[in-house]
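Chains A and B supply the protein sequences, listed in that same order. With the working numbering applied, the first sequence covers 1 to 393. With the working numbering applied, the second sequence covers 1 to 409.
Do not take every clue at face value.
Stated by the list, open to error - Label-pair distances were calculated between CB atoms; the ranges are:
no., chain 1, residue 1, chain 2, residue 2, range
1, B, Q211, A, D108, 55 to 63 Å
2, B, G269, A, L24, 37 to 45 Å
3, A, K35, B, D127, 49 to 57 Å
4, B, Q211, A, K35, 31 to 39 Å
5, B, E209, A, G177, 13 to 21 Å
6, A, C5, B, I95, 31 to 39 Å
Claimed, not checked - Selected chain B positions facing chain A (in silico; Cβ < 8 Å):
no., residue
7, S44
8, P47
9, D48
10, T72
11, N75
12, G76
13, Q84
14, V87
15, D148
16, D149
17, R174
18, D236
19, W237
20, D239
Rather than coming from a laboratory, the hints here were simulated on the basis of the structure. Glycine included, every Cβ here is placed at the ideal spot set by N, Cα and C.
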Amino acid sequence: MTKNCHNDYKMKFTTDEEFPDLSLHNNHMAKVLTKEIYEKLRSKSTPSGFTVDDVIQTGVDNPGHPFIMTVGCVAGDEESYEVFKELLDPVISDRHGGYKPTDKHKTDLNFENLKGGDDLDPNYVLSSRVRTGRSIKGFTLPPHNSRGERRAIQNLSIEALSSLEGEFKGKYYPLDGMTDAEQEQLIADHFLFDKPVSPLLTCAGMARDWPDARGIWHNDNKTFLVWVNEEDHLRVISMQKGGNMKEVFKRFCVGLQKIEEIFKKHNHGFMWNEHLGYILTCPSNLGTGLRGGVHVKLPKLSTHAKFEEILTRLRLQKRGTGGVDTASVGGVFDISNADRLGSSEVEQVQLVVDGVKLMVEMEKKLEKGESIDGMIPAQKFVCDPQEEDKSIC
Amino acid sequence: MPSPSLIESKGFVLLTAFTFFPEGPNAYLKYHLFFISHFYLCSSEYPDLRQHNNCMASNLTPAIYAKLCDKTTPNGYTLDQAIQTGVDNPGHPFIKTVGMVAGDEESYEVFADLLDPIIKERHNGYDPCVMKHPTDLDSSKIHSGQFDDRYVLSSRVRTGRSIRGLSLPPACTRAERREVERVVVDALAGLKGDLTGRYYSLTQMTEKEQQQLIDDHFLFDKPVSPLLTCAGMARDWPDARGIWHNNEKTFLIWINEEDHTRVISMEKGGNMKRVFDRFCRGLKEVERLIQERGWEFMWNERLGYILTCPSNLGTGLRAGVHVKLPLLSKDPRFSKILDNLRLQKRGTGGVDTAAVGGVFDISNLDRLGQSEVQLVQTVVDGVNYLIECEKRLERGQDIKVPPPIKQFK
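In isolation and in its complexed conformation, chain A is listed as follows:
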């Protein structure tokens, strides 16, 4: 195996000679990786040839920010989480609120278990969205996969998606084959994804061979969207205007199940195990890989002294309306679940539904000049009740 050959060559150097200089670094990998762990893992490689240096390269190249704690490592294939567990288990624990190597993750995509969620006030909740990722078993992940693998993933995806019917009937737009008119429409719909420019992704090798075998699929109603071969094999998104999160989540669950059936028929189901849930490229997206959220108008509440604390207690996070690392505009915030691992899809979306409902009521109270002190919630617990996870992703 060519990559193993390179790793064998590297072994002639000592651990000290190869160990990265992480003195200026602030990311989960840098906080966890000791010389002892590196020594133990550097001679290993996954069956496809992914090594610990491959895992950590993005974290070495991107020292991070004093306030924002990135993960700093990626998986190259399903086996990475096993072969490099001495490094990845503590990273996962730090990132996911103390999740232990012995913990089990609950998967629940039964939309009927969600209570409420169909009555969020559309005067405040402008849009609702649920996204997740899925990896196709038998292929390596975006940091590592070859052109042949990526193309095979695209072909399988096209086959699975083009067999969908009813509200899921749609069309695939390959990035290297769309017309100018199609491209403009996808941009106008805010569906088009670009070649990654973030060094967090490019240093992990995820932009190689762009735009070969990348594309976007969406249904005719423009409420169900799949990205192929961006940061994960598949990113699946259900969305619509207004506050009917229940409907969004139902479509999400139904659509995902339909797609999964087809992949399973080809002996390429989704990567999943009962400890880590759905396996994705970035350890921050393990578990459900789910980010369910709304764009909601909270001009008064967002300037209240207790806003951050309320979010923390509700296990929610805020972002600007441009997504991660953007600012809010006009008091409109993107509010979504903070957790991914250790609680199920239903539980995480329930937190969003209940939390946003409460915050909208608080906003209305503040509009009337009334106090919200009596409404401040107690801390919600879903997984291990340890200290808050202050990171963003």
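Use these hints to put chain B onto chain A, whose structure you have.
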């Protein structure tokens, strides 16, 4: 048009083999089965180069790809790694980049089926299969190397050198990169006289030192060009990167940027002869010092000095001046004159910048197939000619386009 998936088409591949070879001994059948499935496996990996304009894309046929895709150098470097930068950077209709790098010295052998035609195309017909590259660092052979200071503002000669036995920047490990730094810095500490100097490591320099290096225009930054980043040359930045220069600031060495070392001799004014003297003297002294410690530079008589980018093979030498040619540069014959003199122009910010105030960076076009002395003499003769043209135009006299210089001497 998406190709049929690998897994699903194994049946198709087998069927083809049986159809084509119904008779014959099993061994023959097995060989062709292997050949077809190997070729098919490679074809599913073959990059889509339809939008591409670089030397790699022009020369990488599916047959060459199939032949080389399973090979690796002894260090484990592969063809896919070598061509990644060319796949990721389709290029520009007007500017043809190389589109491929070497990860180590052996890349030029193991991937010769692709690199030889690229080298021939990039170096204007130099055929590495039959030709030999001359190396000559005897600067005493240069004549007329003192330019008119009223026109030439500065003179500079640069090249690169790689340390044999260590992988090149696209492929090197952190340990190898640190070893390159150690070997070179150790040797440079032995330089004396006008070459005495010191090393500034990128990870350890003070803010004051950094500001001084910026003011002197010596500091190099983490590469942002995707041509370099896609080839993996910015990994682990700024670990084991640094700058060495002599106290007089006329001899400068970059460590672990795009090559193991880049060596630069320069000074204000038009004394190219002195710049080249110092260049040769410094290079030979550094070579002697690393040899004392058991190391040597990568070099062979087919390709000359081995560097990361095939465009820098041979001498790796760019000798140039910043020269004022306000009248000549507006003459429609300017480009043709440069071509015939085997010179190229750049803006004064270096590659891919524009000229400012009629001042141009003029340097040699060629790198491989001629020696250092020959190339510097070409620059000397050429720049003297350009200055003559400028003076004639100042006097209202006409100028002549010189006959083209023979390519390989």
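Which of the numbered hints above does this structure break?
5, 15, 16
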